[in-house]
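2 protein chains.
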Amino acid sequence: MERAVDCGLFKGPFSVTFVIPLLNDGEPLSRQIYLWFRKAILRGDMKSDERLPSTREFAEHLNVSRTVVVLAYEQLLAEGFVRGRPGSGTYVTQGLQASRPSSRAGRANVRLSRFARSVAEAAPKIEVPARRATSLRYDFEYGRSDIEQFPFETWRRMLLRHARKAPVRELDYAPAGGSMALREALTAHLRRSRAVVCDPSQVIIVSGSQQALDLIARVLVERGDRVAMENPCYQGAREVLRNIGARLLPVPVDADGLNPASLPERARLAFVTPSHQFPTGAILPLARRLALLDWARRADALVVEDDYDGEFRYEEQPLQSLQGLDTDGRVIYIGTFSRTIFPALRIGYLIVPKSLTAVFTSAKWLCDRHTATLEQETLAEFIASGMYERHLRRVRRRNTSRRKVLLEAIDKYLGDRVQVTGYGAGAHVVLWPDKRIAESAALESAGSRGVGIYGISPYYLTKPARSGFILGFSRMREPDIREGIRRLSQVL
Amino acid sequence: MERAVDCGLFKGPFSVTFVIPLLNDGEPLSRQIYLWFRKAILRGDMKSDERLPSTREFAEHLNVSRTVVVLAYEQLLAEGFVRGRPGSGTYVTQGLQASRPSSRAGRANVRLSRFARSVAEAAPKIEVPARRATSLRYDFEYGRSDIEQFPFETWRRMLLRHARKAPVRELDYAPAGGSMALREALTAHLRRSRAVVCDPSQVIIVSGSQQALDLIARVLVERGDRVAMENPCYQGAREVLRNIGARLLPVPVDADGLNPASLPERARLAFVTPSHQFPTGAILPLARRLALLDWARRADALVVEDDYDGEFRYEEQPLQSLQGLDTDGRVIYIGTFSRTIFPALRIGYLIVPKSLTAVFTSAKWLCDRHTATLEQETLAEFIASGMYERHLRRVRRRNTSRRKVLLEAIDKYLGDRVQVTGYGAGAHVVLWPDKRIAESAALESAGSRGVGIYGISPYYLTKPARSGFILGFSRMREPDIREGIRRLSQVL
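Line order of the protein sequences matches chains A and B.
If you're matching positions, the first sequence starts at 1 in this note's numbering and goes up one per residue.
If you're matching positions, the second sequence starts at 1 in this note's numbering and goes up one per residue.
Hints should not be assumed to be uniformly reliable.
Claimed, not checked - The list that follows gives simulated cross-link-like pairs (lysine to any residue, SDA-like), each with its CA atoms no further than 20 angstroms apart: (1) B:K165 x A:W155; (2) A:K354 x B:E121; (3) B:K412 x B:T400; (4) A:K412 x A:W432; (5) B:K165 x A:D300; (6) B:K39 x B:G80; (7) A:K47 x B:T327; (8) B:K354 x B:P175; (9) A:K435 x A:E478; (10) A:K39 x B:A287; (11) B:K165 x A:P151; (12) B:K47 x A:D300; (13) A:K354 x B:E148; (14) A:K354 x B:N109; (15) A:K47 x B:P285; (16) A:K39 x B:S193; (17) B:K412 x B:E316; (18) A:K354 x A:D300; (19) A:K354 x B:R107.
Please keep in mind that the hints were generated in silico from the structure rather than gathered at the bench.
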């Protein structure tokens, strides 16, 4: 459909041949003419002060309406590519061509910050885990809510009601710390279910717990600062701290979680997951919790409690949060809705000691102002109406029964060959085979049988002593759990 | 409603008197008993190995059902505060009291990072502008969309449709760079309306343009790095860069915007607002845009183009973006929907040179994974369906007519006393009074007449030479604009 017009006639008085291929490709003709001149001028093909053909002549030779050419010239004029001289025509503006290179010599040679270099180096590790190319029938995924189980009808109804009734001010900028309704609902819920002691002013709503980690790292950690980390530990926390330049000090984890006796003498802060150690699943006993707080007092350190799985405890009542035991304002509590509602919501929260509310609120405002309002208001109603706790009870019931099936199947098919940790709480367990088996080989062999399991070694800060496999159960049907473990018995 | 029970009977064999004020305050009785023991144990009022009263005796003396006491003891047991000894009763667990202080001596003595100290210092300046205590009848607010004008019915319909049809995977974690549908819709829109040249892989969806600024600062700027800033400049950019430790080099702004001749010889990057200089409103002419790109090439610097107001140009066609003129991959383009849709949506975007897409995507993933999905999908449809451009045309028409009323009123009431800048584009102008008048006095005097205007001096990096007042017009009715300016004539 090309309609190329060689306007040879204009060759004489001009420095370029006006070959403008007019294409019927959806771009208006005037825009094609405009673009042609723009490029010719910027490239220096048309020089400063060179005259453009008159619109009448040029339209005739292109065989288009004169309006088309006029429109193109007007755009060039408006943008300063050309100047009109009364009674004399249209000329290329002076001084537009400076030193535009045609080679690639001008290509930006970008120097990244240390943070960015560190991020870039770690990129393959920290990028969102790619979906498996072929999805597995028996995938023991972990770390995500069972989306299918979420009461979407109720959620959508609340969402729509809020979208409808939202007063104009709710569409405007909102407080950096988050919706007051959500902070109040959350405070009440966490007091009841996690014995978290706070008032709503200490709650900072963030865009997922990852942002909570990032804010903590930026506000409290300086390059070179010592940070005590459980070993193995949660990658999201490790990457944030590592990229900001913290010196990570691994603290060994045993069947009771982090061992406070092995905490370093000094550290700026400790990052811990007491309710369900990530990833081993150990539950930190009360005595260790108190010892950890004592250590924090002696070391004048802060403790970050990531309570990612605190809502789920089996057989016994959930242990109350570390935050609720703290009397010194040393614990920062992190929570998320990615494991109980759904990850794409991107809402999490920080509960900070009163002395730190102002600086965290300002830091959040500086980073991205505040988290989107509509979801916050919807979530506030979802919690305050009791729907959230009802949903949690339902999830807890289902997880309880899935867990039972899982543990029975492990006992039946793998009982003599593996140790199991992490089944006291949360939504995943870890299998530790007795015999030496390489994680990668086992993962591959399981995959070939349609079973998805996950190696624990990427979570270690040091070379792990043995292989381990993480198996989540919150998204699987019970028969699939049974069959998955049966197949796994051919692998481990 | 207090029902205090002095269980004097238990005084004998125990170290504490069991005075448990049982309140009918909504907390279950068993929880009150639990909390009392927990506190007594943690405070050291009850020592290691001390025996608790039997549930039967204790229930009788509290005059409550035995089940209530049993529940409290079970919780204490589950959490490890007490241990049961078969046939012998319930005892306080050993080693829980370590060194819990009753004084405030243990209070955390938190050391903030340099970033946080800088944030805390600037907090009064960077916190969300508090709403005026009494709202003003004639408030020339700026920097926000006219929310009342937004087609909410359409928006909500799309939102709900997406909430309904969202496949399960849309509730899960999503790509860090954002929804592909949105990036494609945006690429097409920006190519047409702003001559931005990119493919969707270069678009990073962020949570408002503030996050774009923050990511740029973190990825490209090191403490001590030189950054060229327009003077006056946008506070949001200044605060991010200042808090990260950049050395800000002010570049004077005149009636044509930033003067490229005054750019420093060397700088890591320059932050500019060419389509409507913030806050003066100057439009950077083509020759200066090209000179700026030339400077960037010579200085091997990057240029950040914040196109916050690029959609609105009056009388002439909008100047195309700096990004579209760049041939070296030196321009990072920032856009926002806070001024065209509504701020609480929290969606903005970055368009980065191809060489930087990977590191920016990883940095976004590290900071907060990704921006919430539902709004992204809704926005993608809103743009792709043409509703966004239709909405922009409507806003443009209204702004055109409000601007006309504003300029006429200024001419009529203030004509001989002020200069006006910034009326060629955007949604605010700046009034520069001829006579010397202190900004604070004028603001106060205007406020007492029900008129909201905004001083320009907070936006300067250096002491400003003269007073100036920012007047936004995108949220005002035309008669109010007229009356507001009439009243202002008594002030300036």
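Between K354 (chain A) and E148 (chain B), is the straight-line Cα distance small enough, at 20 angstroms or below? violated, 38 angstroms
Is K47 (chain A) within 20 angstroms of T327 (chain B), Cα to Cα? The hint holds at about 19 angstroms.
Against the 20 angstroms threshold, does the CA-CA distance of K412 (chain B) and E316 (chain B) hold or violate the hint? Violated, at about 24 angstroms.
Proposed proximity, W432 (chain A) with K412 (chain A) (alpha carbon, max 20 angstroms): holds, 16 angstroms
Given the hinted pair K39 (chain A) and S193 (chain B), is their alpha-carbon gap at most 20 angstroms? holds, 18 angstroms
Between K165 (chain B) and D300 (chain A), does the CA-CA distance stay at or below 20 angstroms? Violated, because 51 angstroms separates the two Cα atoms, which is more than 20 angstroms.
Are the Cα positions of K354 (chain A) and N109 (chain B) separated by 20 angstroms at most? Distance ~12 angstroms between K354 (chain A) and N109 (chain B) Cα, so the pair holds.
Restraint check for K354 (chain A) with D300 (chain A), where alpha carbons must lie at most 20 angstroms apart: holds, 17 angstroms
Check the hint pairing K47 (chain A) with P285 (chain B) against an upper bound of 20 angstroms on the C-alpha distance. OK: K47 (chain A) and P285 (chain B) at ~19 angstroms, within 20 angstroms.
Holds or violated: K39 (chain A) with A287 (chain B), Cα cutoff 20 angstroms? holds, 15 angstroms
For the pair supplied as a hint, K354 (chain A) and E121 (chain B), is the alpha-carbon distance within the 20 angstroms limit? holds, 17 angstroms
Mind checking the alpha carbons of K354 (chain A) and R107 (chain B) for me, to see if they're no more than 20 angstroms apart? holds, 11 angstroms
Of the numbered hints stated above, those contradicted by the structure are hints 5, 9, 12, 13, 17, listed in ascending order.
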